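**Q** Residue-level listing of the chains:
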Amino acid sequence: MQRIIEHPVLGPLPDVPMVKIIVDGEPMEAREGEMIAAALIATGKKYFRKTIKTHEPRGIYCGIGRCTDCVMTVNGIPNVRTCITPVEDGMVIETQMGYGVWKQEQ
Amino acid sequence: MVQSYDVLVIGGGIIGLSCGYYLTKQGKRVVVLESGGFADGASGACDDMILFQSKKPGINLELAFESLELYKSLVGELEDSLGFANYGGMVLIENERELEVMEEFVMQQRSYGLDVEILTKAAMRKKQPFLHERFIASTYSSMDSQAYPFAVMHRFARKGRQMGMQVVHKSPVVGIQKDGAGDFLVTTAQNMQYRAPHVVNAAGAWAGKVADLIGLNVPMEPRRGQIIITEKIPAIGETNLWSAKYLVTKLKPGIQIDSTEEEKRLGLAFALTRTEGDSYLIGSTREFVGYDKRTTMEGIRAIINQAVSFIPVLKDVNFIRAIAGLRPATPDGKMVLGEHAGVPGFFTAAGHEGDGISLAPITGKLLADMVCEGRSDARLEELSPNRFASNAKEVC
Numbered sequence: 000m001q002r003i004i005e006h007p008v009l010g011p012l013p014d015v016p017m018v019k020i021i022v023d024g025e026p027m028e029a030r031e032g033e034m035i036a037a038a039l040i041a042t043g044k045k046y047f048r049k050t051i052k053t054h055e056p057r058g059i060y061c062g063i064g065r066c067t068d069c070v071m072t073v074n075g076i077p078n079v080r081t082c083i084t085p086v087e088d089g090m091v092i093e094t095q096m097g098y099g100v101w102k103q104e105q
Numbered sequence: 000m001v002q003s004y005d006v007l008v009i010g011g012g013i014i015g016l017s018c019g020y021y022l023t024k025q026g027k028r029v030v031v032l033e034s035g036g037f038a039d040g041a042s043g044a045c046d047d048m049i050l051f052q053s054k055k056p057g058i059n060l061e062l063a064f065e066s067l068e069l070y071k072s073l074v075g076e077l078e079d080s081l082g083f084a085n086y087g088g089m090v091l092i093e094n095e096r097e098l099e100v101m102e103e104f105v106m107q108q109r110s111y112g113l114d115v116e117i118l119t120k121a122a123m124r125k126k127q128p129f130l131h132e133r134f135i136a137s138t139y140s141s142m143d144s145q146a147y148p149f150a151v152m153h154r155f156a157r158k159g160r161q162m163g164m165q166v167v168h169k170s171p172v173v174g175i176q177k178d179g180a181g182d183f184l185v186t187t188a189q190n191m192q193y194r195a196p197h198v199v200n201a202a203g204a205w206a207g208k209v210a211d212l213i214g215l216n217v218p219m220e221p222r223r224g225q226i227i228i229t230e231k232i233p234a235i236g237e238t239n240l241w242s243a244k245y246l247v248t249k250l251k252p253g254i255q256i257d258s259t260e261e262e263k264r265l266g267l268a269f270a271l272t273r274t275e276g277d278s279y280l281i282g283s284t285r286e287f288v289g290y291d292k293r294t295t296m297e298g299i300r301a302i303i304n305q306a307v308s309f310i311p312v313l314k315d316v317n318f319i320r321a322i323a324g325l326r327p328a329t330p331d332g333k334m335v336l337g338e339h340a341g342v343p344g345f346f347t348a349a350g351h352e353g354d355g356i357s358l359a360p361i362t363g364k365l366l367a368d369m370v371c372e373g374r375s376d377a378r379l380e381e382l383s384p385n386r387f388a389s390n391a392k393e394v395c
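Chains as they are written, first to last, in numbering that gives the first Met the number 0: chain A, 0 to 105; chain B, 0 to 395.
Looking at chain A on its own, in the form it has when it is part of the complex (with noise of 0.2 angstroms):
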């Protein structure tokens, strides 16, 4: 678990419910209204999706939505950037490759 739970400024990490995530198939806990970046790093995990051509892990980089580097498919939406977009109850997320599929509606 990685988490700053006594920030020098902010304090102590204040209590919020948890929320169930989906991650490639694996059911996690994550913060009520954190953004998914946060939740995933918390958790551990190294990298959110792969380069199209040469398949290099990416993660977060800008961390304030302009990068588009730590975008992942999120519901079936690929694309998604996860810093400044926040965890729901339920929500499904997954590594993307490349630019991702869309997820069929039928």
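Since the hints were made in silico from the structure, they are not lab data.
On a predicted model such as this, the values are computed, not experimentally measured, just so you know.
It is possible that some hints are incorrect.
[Said to hold, decoys possible] Each computed SDA-like pair below joins lysine to any residue, with the alpha-carbon atoms no more than 20 angstroms apart:
1. Lys314(B) to Val79(A)
2. Lys231(B) to Gly58(A)
3. Lys314(B) to Gly75(A)
Given chain A, put chain B in place with the hints provided.
**A** Positioned in the frame of chain A, the structure of chain B alone reads:
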């Protein structure tokens, strides 16, 4: 100082560069005079289609076949892939009225040798699983292709330069005269002068203004087309897509198939193509707004709303840029290609409207044949600028 050439080409878009390239290839000394910079006009703000299904059965469709063959040989000749791809295309049909119109189109196009068919709803959805449910059928042609206009223009210019062609940017033409020896003397805004026995007017939406400089009438109206570009996304379906409305507004403006006021005002119709860079180009509008080539919030919003109504998964996709270009539109929807009877040596190659990318190679090649060999193909008669000549002024 006056520089002398064999041919002066006015306009450095995809048509002017194609003309310049094929003329240079035939041994002519050519200068291409461009008023702006590289890809500044409609050729730099369009989509990338070599679309057959949108061509009127007749000369436009025939020339499109020949242009496709030229594109295939240009890939080797210009030493570049040119973003040439062949994904095929489908025209989406929303109701029985559209189906009727499209069935007639398809019959006509098949009689001209186009490989095109009507797909059932099930066959359509197999190729395009993300379409909205409301579409009842579609056409499909495996021939619809595409090329990347920037690559085509850049490689025409590069190969042309290797053979001696010159391309001069930021050189708007402000005067065209004929001197005593029968040569044309073209003056640019920088007061540079160029002399040659032949002039090719390939100025796109500005072709009428250029022709006017020597007293000729080429009726040409700028028609603004807005397009949005998406981020890189996974492929949506197997082919590029158009709405039946796109074809009907293009080919049979008289026929009304249920359109909203906004669609009519903007000339809105759906076109979606996947680019070499995995973005999508989504269009487009067809607006008569003079020479204003700005994008508008109204246009962008209408294109996005339409796109999401066609393909609902697009609601989660970002668009990264919007572009607008002025398509050169003629009153009869046919391009202008040929020598002006009133002013021998003066040619116009313009007015392709939405077909510029498709028809650029064949336009350049036919134009070069006309200039170099005085060859005038009888079937090109209907494209001649002389069809508008009744209003031409006398030139002395």
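**Q** It remains to establish, for every hint, whether it holds in the given structure.
**A** Against the structure, the hints come out as follows:
Only pairs whose Cα atoms come within 20 angstroms are accepted, and Lys314(B) paired with Val79(A) is accepted, the gap being roughly 12 angstroms. For the hint pairing Lys231(B) with Gly58(A), the CA-to-CA distance comes to about 18 angstroms; that is within 20 angstroms, so the pair holds. With a CA separation close to 13 angstroms, the supplied pair Lys314(B) and Gly75(A) stays within the 20 angstroms bound.
The structure agrees with every numbered hint stated previously.
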